[in-house]
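Sequences listed follow chains A and B, in order.
For the first sequence, the numbering used here gives the first residue as 1, with consecutive numbering after it.
For the second sequence, the numbering used here gives the first residue as 1, with consecutive numbering after it.
Hints are not guaranteed to be accurate.
[Stated by the list, open to error] Footprint (simulated), chain A over chain B, 3 or more residues, beta carbon under 8 Å:
id, region
1, 124-131
2, 163-170
3, 246-259
[Unchecked claim] Derived lysine-lysine pairs resembling DSSO-like cross-links, with alpha carbons at most 30 Å apart:
id, chain 1, residue 1, chain 2, residue 2
4, A, LYS188, B, LYS155
5, B, LYS268, A, LYS163
6, A, LYS30, B, LYS241
7, A, LYS284, B, LYS257
8, B, LYS18, A, LYS133
9, A, LYS188, B, LYS107
10, B, LYS147, A, LYS16
11, A, LYS195, A, LYS284
Since the hints were made in silico from the structure, they are not lab data.
The structure presented is a predicted model; accordingly, all values stated were derived computationally and were not measured.
Note that the Cβ used here is the ideal one computed from N, Cα and C, for glycine as well.
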Amino acid sequence: MGNETWVVADLTIDGKVRKVTLEAISEARKKLQGTLCGVLLGSGVSALAPELGRYGAEKVYVVDSEILGDYSSEGYSTALSELIKKHSPDIVLAGNTSQGQDYFPRTAARVGAGLALDAIDLGLSDSGRLTVKRYMYSGKSIATVEFLDNSPAMATVRPNAFKPEEDPKTPEVLSESVDIPADCIWTKVVEVKRKESTRPELTEADRIVSGGRGMASSENFPLIFELADTIGAAAGASRAAVDAGFVPYEMQVGQTGKVVSPSIYIAIGISGSVQHFAGMGSSKVIVAINKDPDAPIFSKCDYGIVGDLFKVVPVLTKEFKNLLAQG
Amino acid sequence: MKTYVIVRQTPDTEAKIKVNGDGRSINSESIKWIVNPYDEFAIEEAIRIKENHGGEVILITMGPARNLAALRTGLAMGADSAIHIKDESFASADPYAIAKVIAQEIKNPGDYDLILTGKKMIDEETGQVGIHVAEDLGIPQGAVVTKLDISDDRKSVRVQKEIEGGQVIVDLPLPALLTCERGLNEPRYASLPGIMKAKKKPVKVIETGDIDFSSIGLSAEQLGEGGSRYAVTKLEVPEIKRRLHMIEGMEVSDAVKELVTALREEAKVI
Ligand SMILES: Cc1cc2nc3c(=O)[nH]c(=O)nc-3n(C[C@H](O)[C@H](O)[C@H](O)COP(=O)(O)OP(=O)(O)OC[C@H]3O[C@@H](n4cnc5c(N)ncnc54)[C@H](O)[C@@H]3O)c2cc1C
Numbered sequence: 001m002g003n004e005t006w007v008v009a010d011l012t013i014d015g016k017v018r019k020v021t022l023e024a025i026s027e028a029r030k031k032l033q034g035t036l037c038g039v040l041l042g043s044g045v046s047a048l049a050p051e052l053g054r055y056g057a058e059k060v061y062v063v064d065s066e067i068l069g070d071y072s073s074e075g076y077s078t079a080l081s082e083l084i085k086k087h088s089p090d091i092v093l094a095g096n097t098s099q100g101q102d103y104f105p106r107t108a109a110r111v112g113a114g115l116a117l118d119a120i121d122l123g124l125s126d127s128g129r130l131t132v133k134r135y136m137y138s139g140k141s142i143a144t145v146e147f148l149d150n151s152p153a154m155a156t157v158r159p160n161a162f163k164p165e166e167d168p169k170t171p172e173v174l175s176e177s178v179d180i181p182a183d184c185i186w187t188k189v190v191e192v193k194r195k196e197s198t199r200p201e202l203t204e205a206d207r208i209v210s211g212g213r214g215m216a217s218s219e220n221f222p223l224i225f226e227l228a229d230t231i232g233a234a235a236g237a238s239r240a241a242v243d244a245g246f247v248p249y250e251m252q253v254g255q256t257g258k259v260v261s262p263s264i265y266i267a268i269g270i271s272g273s274v275q276h277f278a279g280m281g282s283s284k285v286i287v288a289i290n291k292d293p294d295a296p297i298f299s300k301c302d303y304g305i306v307g308d309l310f311k312v313v314p315v316l317t318k319e320f321k322n323l324l325a326q327g
Numbered sequence: 001m002k003t004y005v006i007v008r009q010t011p012d013t014e015a016k017i018k019v020n021g022d023g024r025s026i027n028s029e030s031i032k033w034i035v036n037p038y039d040e041f042a043i044e045e046a047i048r049i050k051e052n053h054g055g056e057v058i059l060i061t062m063g064p065a066r067n068l069a070a071l072r073t074g075l076a077m078g079a080d081s082a083i084h085i086k087d088e089s090f091a092s093a094d095p096y097a098i099a100k101v102i103a104q105e106i107k108n109p110g111d112y113d114l115i116l117t118g119k120k121m122i123d124e125e126t127g128q129v130g131i132h133v134a135e136d137l138g139i140p141q142g143a144v145v146t147k148l149d150i151s152d153d154r155k156s157v158r159v160q161k162e163i164e165g166g167q168v169i170v171d172l173p174l175p176a177l178l179t180c181e182r183g184l185n186e187p188r189y190a191s192l193p194g195i196m197k198a199k200k201k202p203v204k205v206i207e208t209g210d211i212d213f214s215s216i217g218l219s220a221e222q223l224g225e226g227g228s229r230y231a232v233t234k235l236e237v238p239e240i241k242r243r244l245h246m247i248e249g250m251e252v253s254d255a256v257k258e259l260v261t262a263l264r265e266e267a268k269v270i
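One chain only, chain A, in its complex shape (with noise of 0.2 Å):
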């Protein structure tokens, strides 16, 4: 074992490293051993070393190739793969995104490890191995996991999960080749699109304002977006919003939609369906505003206002404008 610990950095559609990246390493540098380690795949992707140093890394791997230019999971497990038959470290982490729950799978079949996925707590059993906390039937449930084998141990942790805490490190930086034949890449990229959104993202958000049926229309939304808008928040709907057609299925929470953990969740006309909760149920506070006070969202709230939405929230966004004013 080379006892080392990774963090394989997730970058945005622009390049930048992710916030859950920092979270990640922040934490394994809190609750686990052996050198610390971030991994970099993509091309061009050198000069962001530095920033997983801040936050603790010792020493960052980078694979700077043009075929990981295009993200395919074909490219990036293929790297990833190479470098830890290459350096047998004992736990590989990534973010639980898009990407990580895409390669991480594939990684983890090729080089025959175990995989955890979207952990929101880390530690070391009592020997030594990984331990990860992970939510199971359908957020009702956390089981703790504990890795047996001695192959590495692969998790992705929860964005949200962990706080990011800088520990300035001048990292030692490993330039790595892997061999990535050209047809190995089966994975051909029509198109990128990006959301035209200045909100953050719904999985990230440390706020987010939900609507649901109570909403009525899509015409209504708005009242949601300028609420968001207001204390920086992502906008986020209930299932019944988005197969009633007011708002996209990317906003959707819930069990067949987004899993969230934000500090703050506003739910608006949202009864509080135990579905809607396997999305949203960890989330450190939890605001309902609904007008019938028997709606079973009041029975795990934090704070309930029972009232018409439609008068209630012009009025709190008027509110919060005023607070965030006077700073």
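Once you have looked at the hints, place chain B with the ligand on chain A.
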């Protein structure tokens, strides 16, 4: 187009989760089982592809006897046949072993064009088996797909995936494995004639004894809990204490003031 769909059963989403005395497994006695919702999108999509391009849809599952119900549901929706790899101990195997056995079943005839499955199981909340199968078969994968179009020459598939901050559209050569996300389609309900017909559709049952473990590089033990690379050592039903601070029976402006003050001073989140 010959499409395999990997399906499994999960507890009904409303199911109450009770932890067994061992503290690490759930009590499944009173649980109602359903087809994993994401696998339903996969079944529906496979049937639509058959309707547009011809061919056949084969369901494949691995797990205990009750999984037959999931296969019957898929057959009633319109799949043609099913394969049930049956063993009660499979439940605790890790994706690595499960995938090897499933891949072997698909590899044997070998003449497939597409494999579909759900993006994840809603009980274990992982979606690894499909991707492991793709690796075992050495074919391309597309994970978490919201739209797919088979090319006219049926040699490739155009796939749309949601990513953070946007969408990507990629082309993959066939055969490929795709994991399905909600938004891909609206699964149909099985019709009464469909349910009647499903009873006569062939279900091939494979028992552990029928599996040639050495040829797939596994031992029989690896299929059980002992062969898993990790174990669930504890299962808890979390008790998140909520404040349950209700604000009612006052003017809207007062209610909002109370909320905002509490968020700032008590919860300290704004
Ligand atoms: C397999 C499966 C998966 C599912 N996945 C998801 C998922 O991922 N996400 C999800 O959200 N759901 C999911 N669901 C659906 C879920 O069961 C509920 O149907 C859904 O969450 C209800 O959405 P809602 O709360 O917006 O609507 P409703 O339950 O209809 O609630 C609307 C609420 O708005 C309130 N209201 C109405 N008008 C006003 C007003 N003027 N002012 C204030 N309040 C008002 C009402 O009192 C009511 O409480 C799933 C279901 C199944 C079976």
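(request) Take the C-alpha atoms of B:LYS147 and A:LYS16, compute the straight-line distance between them, and say whether it is at most 30 Å. (result) holds (27 Å)
(message) For the region 246-259 of chain B, count the residues whose Cβ lies under 8 Å from any Cβ of chain A; is that count three or more?
(response) Check passed, 10 qualifying residues.
(request) Quick one: see if chain A covers the region 163-170 of chain B, three-plus residues with Cβ-Cβ under 8 Å. (result) holds (count 8)
(request) Please work out if A:LYS188 and B:LYS155 have their alpha carbons no farther apart than 30 Å. (result) With Cα atoms ~14 Å apart, A:LYS188 and B:LYS155 stay inside 30 Å; holds.
(request) For the pair supplied as a hint, B:LYS268 and A:LYS163, confirm whether the alpha-carbon distance does not exceed 30 Å. (result) With a Cα-Cα distance of about 16 Å, the restraint between B:LYS268 and A:LYS163 holds, given a limit of 30 Å.
(message) A:LYS30 and B:LYS241 were given as a pair; does the straight-line alpha-carbon distance stay at or below 30 Å?
(response) holds (26 Å)
(message) Need the status of pair A:LYS188, B:LYS107: alpha-carbon distance at most 30 Å?
(response) With Cα atoms ~25 Å apart, A:LYS188 and B:LYS107 stay inside 30 Å; holds.
(request) Given the hint that A:LYS284 pairs with B:LYS257, test it: the Cα-Cα distance must not exceed 30 Å. (result) holds (21 Å)
(request) Could you grab the alpha-carbon distance between B:LYS18 and A:LYS133 and see if it respects the 30 Å cut-off? (result) holds (18 Å)
(message) A:LYS195 and A:LYS284 were given as a pair; does the straight-line alpha-carbon distance stay at or below 30 Å?
(response) Given that 30 Å is the threshold and the Cα spacing comes to 27 Å, the pair holds.
(request) Count residues of the region 124-131 of chain B with a Cβ under 8 Å from any Cβ of chain A, then say if the count reaches three. (result) It holds, with 6 qualifying residues against the three required.
This entry satisfies every hint, going by the numbered hints stated previously.
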